[in-house]
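Protein chains: 2
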Amino acid sequence: MLYVLKFGGSSVADAEKIRRVAGIVTEVYCEGHDVVAVVSAQGDTTDELIAKAEEINPRPSKRELDVLLSTGEQIAAALTAMALEKIGLPVVSLTGRQIGINTNSAYGAAEIKSISEERIKNELDRRRIVIIAGFQGVNKFDDITTLGRGGSDTTAVAVAAALHADKCLIYTDVEGIYTADPRKVQGARKLEEITYDEMLELASLGAQVLHNRSVEMAKRYGICIEVRSTCTGAPGTIVKEVVKPVEEMKISGIAKDGDVARIAVLGVPDEPGMAFKLFRALAKAKINVDIILQSYGKDGTNDISFTVAESDVKDAEEVMENCRELIGFDHLSVNTDVAKVSIVGAGMIRSSGIAAMMFEALYDAKINIHMISTSEIKISVLIDEERADTAVSAIHGKFFGN
Amino acid sequence: MLYVLKFGGSSVADAEKIRRVAGIVTEVYCEGHDVVAVVSAQGDTTDELIAKAEEINPRPSKRELDVLLSTGEQIAAALTAMALEKIGLPVVSLTGRQIGINTNSAYGAAEIKSISEERIKNELDRRRIVIIAGFQGVNKFDDITTLGRGGSDTTAVAVAAALHADKCLIYTDVEGIYTADPRKVQGARKLEEITYDEMLELASLGAQVLHNRSVEMAKRYGICIEVRSTCTGAPGTIVKEVVKPVEEMKISGIAKDGDVARIAVLGVPDEPGMAFKLFRALAKAKINVDIILQSYGKDGTNDISFTVAESDVKDAEEVMENCRELIGFDHLSVNTDVAKVSIVGAGMIRSSGIAAMMFEALYDAKINIHMISTSEIKISVLIDEERADTAVSAIHGKFFGN
Numbered sequence: 006m007l008y009v010l011k012f013g014g015s016s017v018a019d020a021e022k023i024r025r026v027a028g029i030v031t032e033v034y035c036e037g038h039d040v041v042a043v044v045s046a047q048g049d050t051t052d053e054l055i056a057k058a059e060e061i062n063p064r065p066s067k068r069e070l071d072v073l074l075s076t077g078e079q080i081a082a083a084l085t086a087m088a089l090e091k092i093g094l095p096v097v098s099l100t101g102r103q104i105g106i107n108t109n110s111a112y113g114a115a116e117i118k119s120i121s122e123e124r125i126k127n128e129l130d131r132r133r134i135v136i137i138a139g140f141q142g143v144n145k146f147d148d149i150t151t152l153g154r155g156g157s158d159t160t161a162v163a164v165a166a167a168l169h170a171d172k173c174l175i176y177t178d179v180e181g182i183y184t185a186d187p188r189k190v191q192g193a194r195k196l197e198e199i200t201y202d203e204m205l206e207l208a209s210l211g212a213q214v215l216h217n218r219s220v221e222m223a224k225r226y227g228i229c230i231e232v233r234s235t236c237t238g239a240p241g242t243i244v245k246e247v248v249k250p251v252e253e254m255k256i257s258g259i260a261k262d263g264d265v266a267r268i269a270v271l272g273v274p275d276e277p278g279m280a281f282k283l284f285r286a287l288a289k290a291k292i293n294v295d296i297i298l299q300s301y302g303k304d305g306t307n308d309i310s311f312t313v314a315e316s317d318v319k320d321a322e323e324v325m326e327n328c329r330e331l332i333g334f335d336h337l338s339v340n341t342d343v344a345k346v347s348i349v350g351a352g353m354i355r356s357s358g359i360a361a362m363m364f365e366a367l368y369d370a371k372i373n374i375h376m377i378s379t380s381e382i383k384i385s386v387l388i389d390e391e392r393a394d395t396a397v398s399a400i401h402g403k404f405f406g407n
Numbered sequence: 006m007l008y009v010l011k012f013g014g015s016s017v018a019d020a021e022k023i024r025r026v027a028g029i030v031t032e033v034y035c036e037g038h039d040v041v042a043v044v045s046a047q048g049d050t051t052d053e054l055i056a057k058a059e060e061i062n063p064r065p066s067k068r069e070l071d072v073l074l075s076t077g078e079q080i081a082a083a084l085t086a087m088a089l090e091k092i093g094l095p096v097v098s099l100t101g102r103q104i105g106i107n108t109n110s111a112y113g114a115a116e117i118k119s120i121s122e123e124r125i126k127n128e129l130d131r132r133r134i135v136i137i138a139g140f141q142g143v144n145k146f147d148d149i150t151t152l153g154r155g156g157s158d159t160t161a162v163a164v165a166a167a168l169h170a171d172k173c174l175i176y177t178d179v180e181g182i183y184t185a186d187p188r189k190v191q192g193a194r195k196l197e198e199i200t201y202d203e204m205l206e207l208a209s210l211g212a213q214v215l216h217n218r219s220v221e222m223a224k225r226y227g228i229c230i231e232v233r234s235t236c237t238g239a240p241g242t243i244v245k246e247v248v249k250p251v252e253e254m255k256i257s258g259i260a261k262d263g264d265v266a267r268i269a270v271l272g273v274p275d276e277p278g279m280a281f282k283l284f285r286a287l288a289k290a291k292i293n294v295d296i297i298l299q300s301y302g303k304d305g306t307n308d309i310s311f312t313v314a315e316s317d318v319k320d321a322e323e324v325m326e327n328c329r330e331l332i333g334f335d336h337l338s339v340n341t342d343v344a345k346v347s348i349v350g351a352g353m354i355r356s357s358g359i360a361a362m363m364f365e366a367l368y369d370a371k372i373n374i375h376m377i378s379t380s381e382i383k384i385s386v387l388i389d390e391e392r393a394d395t396a397v398s399a400i401h402g403k404f405f406g407n
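Heads up: the sequence lines are chains U and C, in that order. Okay, so the first sequence: first residue is 6 according to our numbering, each after it adds one. Okay, so the second sequence: first residue is 6 according to our numbering, each after it adds one.
A couple of the hints might just be wrong.
For chains that are exact copies, the list does not tell them apart, and a pair is met inside one copy or across any two.
Claimed, not checked - Taking lysine-lysine and the DSSO-like style, the derived pairs with C-alpha atoms no more than 27 Å apart in a straight line are: (1) K172 - K57; (2) K57 - K91; (3) K189 - K91; (4) K249 - K57; (5) K57 - K22; (6) K67 - K22; (7) K91 - K249; (8) K145 - K189; (9) K249 - K126; (10) K145 - K118; (11) K126 - K195; (12) K67 - K91; (13) K67 - K126; (14) K289 - K303; (15) K291 - K303; (16) K319 - K22; (17) K172 - K303.
Bear in mind the hints are in silico, worked out from the structure with no lab data behind them.
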């Protein structure tokens with residue numbers, strides 16, 4: 006079997022942890038499998054490099070920043086290879102360029118266009134363990150690029166796809182995907198399996214275990230991902246297309262996202278095209294809008310509310326003010342003390358009463374709902390941020406028991 | 006004009022120093038010249054990376070060590086480019102691989118086989134300043150190599166040769182090449198010019214301003230080198246093929262090398278082939294022998310003395326003991342408390358009495374000479390290490406006045 010393993014920055018943070026990673030890799034290799042391991046930069050390396058850059062130039066070009074930052078993963082890859090050499094295993098470390106990760110030229114957030122599997126295959130044919138510096142590639146100008154957030158996960162899935170690997174194992178500091186955040190919700194259960202779509206909803210809802218880019222790529226190429234703990238190495242959660250139904254599990258997980266703000270545009274004239282003009286302006290400013298709600302306001306006007314990421318609030322307010330005249334609304338109301346709580350489950354579409362169960366849990370906990378949004382596999386509600394943890398626990402108790 | 010500048014690790018050690026380097030580069034660029042700058046890794050970066058490696062594996066493969074160490078120069082190159090971006094100049098940093106520095110596969114001490122000047126020329130044609138990560142290349146397997154000691158100097162000279170640069174400016178923490186170590190010899194003078202051959206003798210004699218590899222390459226391709234201070238930027242010392250004769254200067258410089266040991270093999274039978282057997286054994290063990298002296302010993306035997314680097318003493322003793330039976334010598338005597346003091350000058354061959362002047366200076370200072378060695382452009386003597394600084398001052402006084 007061919008396994009692609011991925012270890013994040015905290016898993017290779019120091020010599021001791023790198024030795025642990027080498028132990029995991031050794032175990033898989035010695036079972037007779039071919040092993041490719043993708044590593045991120047050690048712990049704080051990236052932050053240290055950014056600090057060095059800022060001392061010299063607070064606004065360096067993204068091209069030079071990529072030249073700088075890509076060294077972090079290269080260092081981690083070499084050190085991990087050295088740890089395996091110490092054990093006495095045949096190993097070789099390779100950079101993104103050496104395995105032909107070709108990207109577009111969006112420095113700092115490049116997208117992978119192709120991978121040439123030749124070099125890796127040659128090394129594997131010689132029964133070498135291949136350690137790959139994640140997060141990086143090279144563009145058509147032969148310049149170094151980095152992949153941005155979730156870059157090393159994306160490298161791992163892309164390599165797994167190029168090599169037709171049997172599985173992509175993402176090692177992290179949690180033991181898998183849980184029905185809710187296990188640090189906050191008593192009785193949160195680890196899922197054995199979850200579908201790509203459920204994972205995508207959970208990732209975008211703030212579960213933060215896997216980045217959406219890597220899950221999307223895994224879905225596209227049918228790569229089976231398993232999320233495991235670097236500490237225990239125990240079987241974690243498998244992410245794949247279809248999962249075997251678990252009778253009593255009506256939903257797969259509950260997620261909380263506190264990085265959200267609600268903007269209410271009050272007193273919008275009841276004329277055609279108002280919503281279009283408003284959201285076109287936001288789109289032009291590259292502001293992502295999540296939940297949208299339109300309701301009747303005073304005197305025959307409409308109120309349009311929507312949510313954005315907290316970091317986009319300032320920009321969104323500016324955009325709204327700039328089109329106040331065009332739209333002719335009355336006033337704006339902004340609330341950042343809100344959170345989005347969502348339940349996700351591929352089985353939702355086949356079960357009735359899921360939404361009712363969620364709302365009942367919130368009602369029992371006396372939590373007021375500001376907005377509701379639904380898709381085929383999720384239901385999200387916007388509530389006061391200070392009640393969010395209580396809401397997650399209440400909903401979890403309703404569906405899974407505490 | 007096209008200038009290749011080179012800045013060592015201490016010149017780019019921190020943000021402040023990198024800004025100074027950017028200032029020097031800016032000055033040359035704004036005079037209308039094309040500028041390529043080669044940088045070493047910042048101050049202690051290389052040592053820090055080696056320490057990281059040793060914590061994980063005290064004996065990593067040289068291949069992985071090169072993957073690791075090459076990041077140091079890449080970081081320095083990116084940061085230097087960012088400092089120039091801050092000033093507002095067009096700049097691009099490039100790794101050894103990006104400028105096509107092809108080397109053999111001697112990891113850790115690779116030799117440059119070729120450079121493809123295309124990328125650099127394209128960047129220069131666009132009036133960009135090119136910052137190059139020194140010390141590194143790539144072998145025919147597409148793997149990263151490093152050039153070993155003096156590697157960044159060698160990169161700079163090789164780039165200057167490939168581009169037919171008008172001059173290669175080596176910026177360092179001294180103001181040029183001196184007639185003797187200015188920290189130790191009162192009245193030591195800065196040389197305006199020095200020949201490649203003189204520089205080669207001085208470098209191998211422990212002057213340590215330029216590494217021999219870079220001087221040899223400069224001589225081969227006729228690259229004019231100038232050694233300058235990063236601090237003052239004042240005209241330094243020019244290294245070239247032929248220098249204009251300075252009437253009163255009979256020699257160019259005096260150097261001291263304390264890293265030397267004398268091994269005396271006493272009581273060697275007076276038969277043919279003894280010296281051959283002895284030095285063949287040393288050569289097989291890759292031990293470099295410098296000065297050799299043979300003299301009559303007791304009872305019709307010979308005494309053979311030679312000098313080696315102090316780091317080779319243990320190995321040399323072992324080699325000697327192993328061939329004690331083959332050669333049949335009486336006993337060994339090892340002395341590490343010796344130093345080699347040398348005078349160098351291309352004009353020596355045309356002047357008579359230079360050796361006599363040197364010996365007279367040593368006699369006046371009551372310094373005993375153990376061994377003497379001469380070449381066309383140098384005279385070396387082996388003396389007690391504790392008298393070496395006195396010897397250098399005495400000789401300097403004789404030739405240059407104090």
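Each hint, compared with the structure:
1. K172 - K57: Classified as neither: same-chain Cα gap 38 Å, cross-chain 31 Å, threshold 27 Å.
2. K57 - K91: between (32 Å within a copy, 14 Å between copies)
3. K189 - K91: neither (40 Å within a copy, 45 Å between copies)
4. K249 - K57: neither (50 Å within a copy, 46 Å between copies)
5. K57 - K22: So K57 and K22 pass the 27 Å test inside a copy (25 Å) and across (13 Å) alike.
6. K67 - K22: between (31 Å within a copy, 23 Å between copies)
7. K91 - K249: Neither, since 42 Å and 57 Å both go past 27 Å.
8. K145 - K189: neither (46 Å within a copy, 54 Å between copies)
9. K249 - K126: neither (33 Å within a copy, 60 Å between copies)
10. K145 - K118: Answer is both; intra-copy 10 Å and inter-copy 25 Å each pass.
11. K126 - K195: neither (35 Å within a copy, 58 Å between copies)
12. K67 - K91: between (37 Å within a copy, 13 Å between copies)
13. K67 - K126: Answer is between: at 23 Å across copies they meet the 27 Å cutoff, but 32 Å inside does not.
14. K289 - K303: neither (29 Å within a copy, 98 Å between copies)
15. K291 - K303: This pair counts as neither: shortest intra-copy Cα distance 31 Å, inter-copy 94 Å.
16. K319 - K22: Classified as neither; 41 Å inside a copy, 38 Å across copies.
17. K172 - K303: This pair counts as neither: shortest intra-copy Cα distance 57 Å, inter-copy 79 Å.
Of the numbered hints given earlier, the model fails hints 1, 3, 4, 7, 8, 9, 11, 14, 15, 16 and 17; all others are met.
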